[in-house]
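Since the structure of chain X is already known, use the hints to place chains U, F, Y and Z on it.
Here's the letter readout for the chains.
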Amino acid sequence: MLTYNSKDWFKFIFFFRRSDTVRKLLPLMIGMGLFTWLIAWLELKYLLISEREVIKNVSMMHTMLTFVISMLLVFRTNSAYDRWWEGRKLWGALVNNSRNLAIKLNAMLPSEDKYNREFYNKTISIYANVLALHLKSELTKFELDEKDHPELLQLESGKHLPNQVASLLFRRTNRLYEEKKISGDQLIILNGELISFTDICGACERIKNTPIPLSYSTFLKKFIFFFVLTLPFSFVLSLQYWAIPVVAFIFYALTSLEVIAEEIEDPFDGDENDLPIMKIAENIKKHVAEIL
Amino acid sequence: MLTYNSKDWFKFIFFFRRSDTVRKLLPLMIGMGLFTWLIAWLELKYLLISEREVIKNVSMMHTMLTFVISMLLVFRTNSAYDRWWEGRKLWGALVNNSRNLAIKLNAMLPSEDKYNREFYNKTISIYANVLALHLKSELTKFELDEKDHPELLQLESGKHLPNQVASLLFRRTNRLYEEKKISGDQLIILNGELISFTDICGACERIKNTPIPLSYSTFLKKFIFFFVLTLPFSFVLSLQYWAIPVVAFIFYALTSLEVIAEEIEDPFDGDENDLPIMKIAENIKKHVAEIL
Amino acid sequence: MLTYNSKDWFKFIFFFRRSDTVRKLLPLMIGMGLFTWLIAWLELKYLLISEREVIKNVSMMHTMLTFVISMLLVFRTNSAYDRWWEGRKLWGALVNNSRNLAIKLNAMLPSEDKYNREFYNKTISIYANVLALHLKSELTKFELDEKDHPELLQLESGKHLPNQVASLLFRRTNRLYEEKKISGDQLIILNGELISFTDICGACERIKNTPIPLSYSTFLKKFIFFFVLTLPFSFVLSLQYWAIPVVAFIFYALTSLEVIAEEIEDPFDGDENDLPIMKIAENIKKHVAEIL
Amino acid sequence: MLTYNSKDWFKFIFFFRRSDTVRKLLPLMIGMGLFTWLIAWLELKYLLISEREVIKNVSMMHTMLTFVISMLLVFRTNSAYDRWWEGRKLWGALVNNSRNLAIKLNAMLPSEDKYNREFYNKTISIYANVLALHLKSELTKFELDEKDHPELLQLESGKHLPNQVASLLFRRTNRLYEEKKISGDQLIILNGELISFTDICGACERIKNTPIPLSYSTFLKKFIFFFVLTLPFSFVLSLQYWAIPVVAFIFYALTSLEVIAEEIEDPFDGDENDLPIMKIAENIKKHVAEIL
Amino acid sequence: MLTYNSKDWFKFIFFFRRSDTVRKLLPLMIGMGLFTWLIAWLELKYLLISEREVIKNVSMMHTMLTFVISMLLVFRTNSAYDRWWEGRKLWGALVNNSRNLAIKLNAMLPSEDKYNREFYNKTISIYANVLALHLKSELTKFELDEKDHPELLQLESGKHLPNQVASLLFRRTNRLYEEKKISGDQLIILNGELISFTDICGACERIKNTPIPLSYSTFLKKFIFFFVLTLPFSFVLSLQYWAIPVVAFIFYALTSLEVIAEEIEDPFDGDENDLPIMKIAENIKKHVAEIL
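Chains as they are written, first to last, in our numbering: chain X, 408 to 699; chain U, 408 to 699; chain F, 408 to 699; chain Y, 408 to 699; chain Z, 408 to 699.
In isolation and in its complexed conformation, chain X is listed as follows (with noise of 0.2 Å):
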């Protein structure tokens, strides 16, 4: 992830990063400009269709949807983004469980138990850690596809790991309540912060594990395509040559939105705009290092 100023202007719009959806889409667009051009110069050139043709109404069907495809994609950008938003959420809770955990375990073990205090800095990064490669994994993601995929089963590591590292969390802080070396009393007080770890790598994997349903899916791509590829038919009537900047620029800022929401609905996966959760695993670790 990348730490911006929102407020330079100049730089977002003269710049094009590589998550810039005009660099991802800039092939389309001409792909939108030439198909424009080819309507054009058909309906211009060679089918000498006048402006005063019925095909220039089909411009009502853009009119009378142009809303519900507007709502749909912001709404879909929203959820996305909703998605992308809870993701980082749940890595914040991740960090406020740990510092949390040590910051008890730093009050209740006495200073020279080495031996457990070790145990919990380490455990409690390497947790962290372990959930953040999970998350990577394509495993993770086909969880629950209802096809199988034998590609992926060479990447099985055996058990799942963040329930390992959870569990072994757990053993050992019951086990320093069996030894009586933490009470009653503390035992419960510790419950809240060992059971979130599961919690959060649990509401991960879902996050991971489950697109939107495909059906809704499926509609909104084919409405955008049929959408705007229909937009030149009118459009070159009104406008000529002029259409081509002008259904590409509309294309640009309708599939812009559906491109972007793909990108942030999986927070999970490193590239620029999502969670940087290996630097959130590392500050996690310097912070509980701080503290146990």
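Hints were generated in silico from the structure; no laboratory data involved.
In this list, chains with the same sequence are indistinguishable; a pair is considered to hold if it fits within one copy or across any two.
Simulated pairs of lysine-lysine, BS3-like, Cα-Cα distance not exceeding 27 Å: (1) Lys-566 with Lys-521; (2) Lys-628 with Lys-418; (3) Lys-496 with Lys-628; (4) Lys-566 with Lys-529; (5) Lys-418 with Lys-543; (6) Lys-692 with Lys-566.
Given the structure is predicted, the values throughout are model-derived calculations rather than measurements.
Leaving out everything else, chains U, F, Y and Z in the frame of chain X:
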């Protein structure tokens, strides 16, 4: 459920999967096309209505209502999606709580206590299974219906199964406490996971047995029906025979939203868009066995 | 409440159930039609206003306000639906907590303690019943009204019944604790369910006795009224007698939204759209009896 | 607050209550009418601008901005409503917690302990009262203002009263625990209710002392003002003197939304739209006395 | 932050405060005006483009995209406002938890234990202060940036201060428990407040260091820029020199939304729209001292 690559536009646009609304709506789209053709023939060839007649202005009504119908449909789909996503969250919570319960019991029960370990290993997985079956049942769907359903009586399998399994889990845990195998402090930290099962079950039942208010659903369908059916009257005067694909496409765009909403508002049915609850139940079984 | 098959379009479109807004609005739709006919006759036959007169441009006002009235109405219906759905969630929570309380007590109370088992079995079911009646009462609705309601005084049945039942439940549980029939740890894990009853009751009362702000409700109705009533003035010039069904349909589409909102914003009333709280109370009774 | 029957359209449309925006905006509506009349006279009689002049196309600006101003106003009203409803929920939670605290203490305190019963009976009711007064105070409103308010200093009644009452409640409860009148387990289950008082107080203060960001509020008012003031320039060319009622009505429709938002965003003020917090405090008193 | 009277329209409309978007955008509005004047001169005087040329139809593009740009901007401002309001809620929660912790410790600590009372009195207030400074720091903002920031290294003050203070608080509380000055039950009920500090800190850091996804932000700015810059081409043909103020006003209305969003999405910066966190920290100090 099918895990798909949302960036593969080509497949989305040119393939027509089973859950694609194009496939579902095709007969009706052809019907709308024929109806539009009929109106076109009537107005243009038989009644010879000219473009300047007032009937053309019926489009004023459509313009005025486009906005409200678009918002209604987009909100309809969104609120159906919210139910679907809530269902997914609930099953995610079931995963988390099953894992946490297993992790805790693994730490608390002595490793030689095969008897109890076996019990929890089995019973936690069974809960997910029993709940999945309970949610697919017609009985659950019609639980709150004001009409009687004599045809479902033979299905009635006696008691409410998920409740019985949850009761088993709690009884065993309470017995462990009474036999001092776990302490009171440990009982308290097991409580959260134990009650979560019944909470999740109740929330899933709510999604299953409470459709959106009848009068809202009725209104929406009557509104779409009348809106689309009156479109050809004015469109054929502006677009002549081009109105046929135009009306069919508008019909497709609007009706798809309602059809998708109908599909996903009950997320426990097992079709291509629905939540893979059997698969999740399997995963719970696998992960709990790994831990315990 | 009626459980329906949302995919049965035919029934939705051609049947007119009791809660259908078409049935409710039919007299007013006929009224709007007659009013439009009157305006049409006046403008077209009596005043002989031509299509080129400025009065036709009144439609500019309608165009400009279409957005805002559509959004207001759709949001109005959505926020009424949110209340309805919150009501459903609260009753779902009542189901969950009743079941969990029964499951826990079943595990904690010795199976021969018929006396206490009977008590909880009855009292938990009674709570749901008493709450359902409490929410249907006019007294509850006017609890926060600034005007006095002498006509309701005779209904006043003394004390607040749900509170009394909740108090009974808590007293008995506390007595079990004092008599050492349940331990302190067990008391702590029963606490969550016991307080939930009163929390649910208070939240339902809030939905019942707090309508949306008066000035908002007033504005919305005045706005719809004036918007629809001025429609015919410009529409009859464009549509002549076709304006009659057109205005009636626009009236139906817009007013239905407000009418549906009025129906569902108080979800505890017992009409076809309302929540089946008596049925839920019955189910609680059945399931608690199964468990305990 | 006034409890009203939302289905009584007649009253809503033809009565003009104190909180009706028509009454509040009437002078301004008349002003807008006169201004429009002035512009109409200027353009039509004095400058003799014909309908074909470019000034008429200023309506292009209004068309383009209609949507954004509509959304802004509807969202503005909705977010003000969300504050109002959050305020209502908080006071609902105060009711619930007061009742639950009373129910619990009733069970825990021996019935002959008049001294403590009396104390809680009084102090719980007093909290609601003190909080209601605290929220109506100007001091609370300007607590976070960056300007000094010497005129309010004389109001400063020393300490923060709700905090003092909450502190009393907690001190007494802790004393009961130290005197072994309640056990540690009972203290733990009383904790939730005791901290809720201060949480509710803080949340109400937040709603009271944090208006929406200044620059947003400023922008919205400037936008409405300029939008409505430029309407007559193009409307009088299309509508002539009919523009007078039309502009006045558009002004009414748009400005009402902002006026309603201003009314309800501070829900603790005591006018007709505000929350009946004194009434709720009374009810708390009544119900707590019934229980304890 | 400035507490203002939202009903004082006069001040809002005719005063131009520091945070007013009119002041910020004035140079750009003048720029847009000059640009429009240039286009007007070019098209009307130099190229002599008549009103009937196709270039005028470029407005079709603007009409089609008005809806999507309006929604994007309104949603953008709303989601920035949500961050701002979440920040306010978090600081409200800090107030509540500081108060509750003080209230509880006041009850639990013997009144003669000046040593511990002093400690909590100071440390609770210090936490709010330290957090406020931590959130204003550039280091916090760039914590997750993928680029290195050598220029900030000198600021690095060693350890994470809020964590250190939270650790102090927990250590002292745990020592009180070990020294039997507070019981285990009391430790349990202090736990909620103690962990809340770190949770609030982490959530504020999240708001501070995670801007909205880069590609979304880039797209929005490019879209606004291109949309507004192409407006004059068609508007000068319809409006001639009137296009100058019209384009400037549309520019003001749309860009203000983005500018306001940029302002409020980081609520911890200290300008006129930002949250008064230093003031809240002062209030916490005052109220904690009153209680303890």
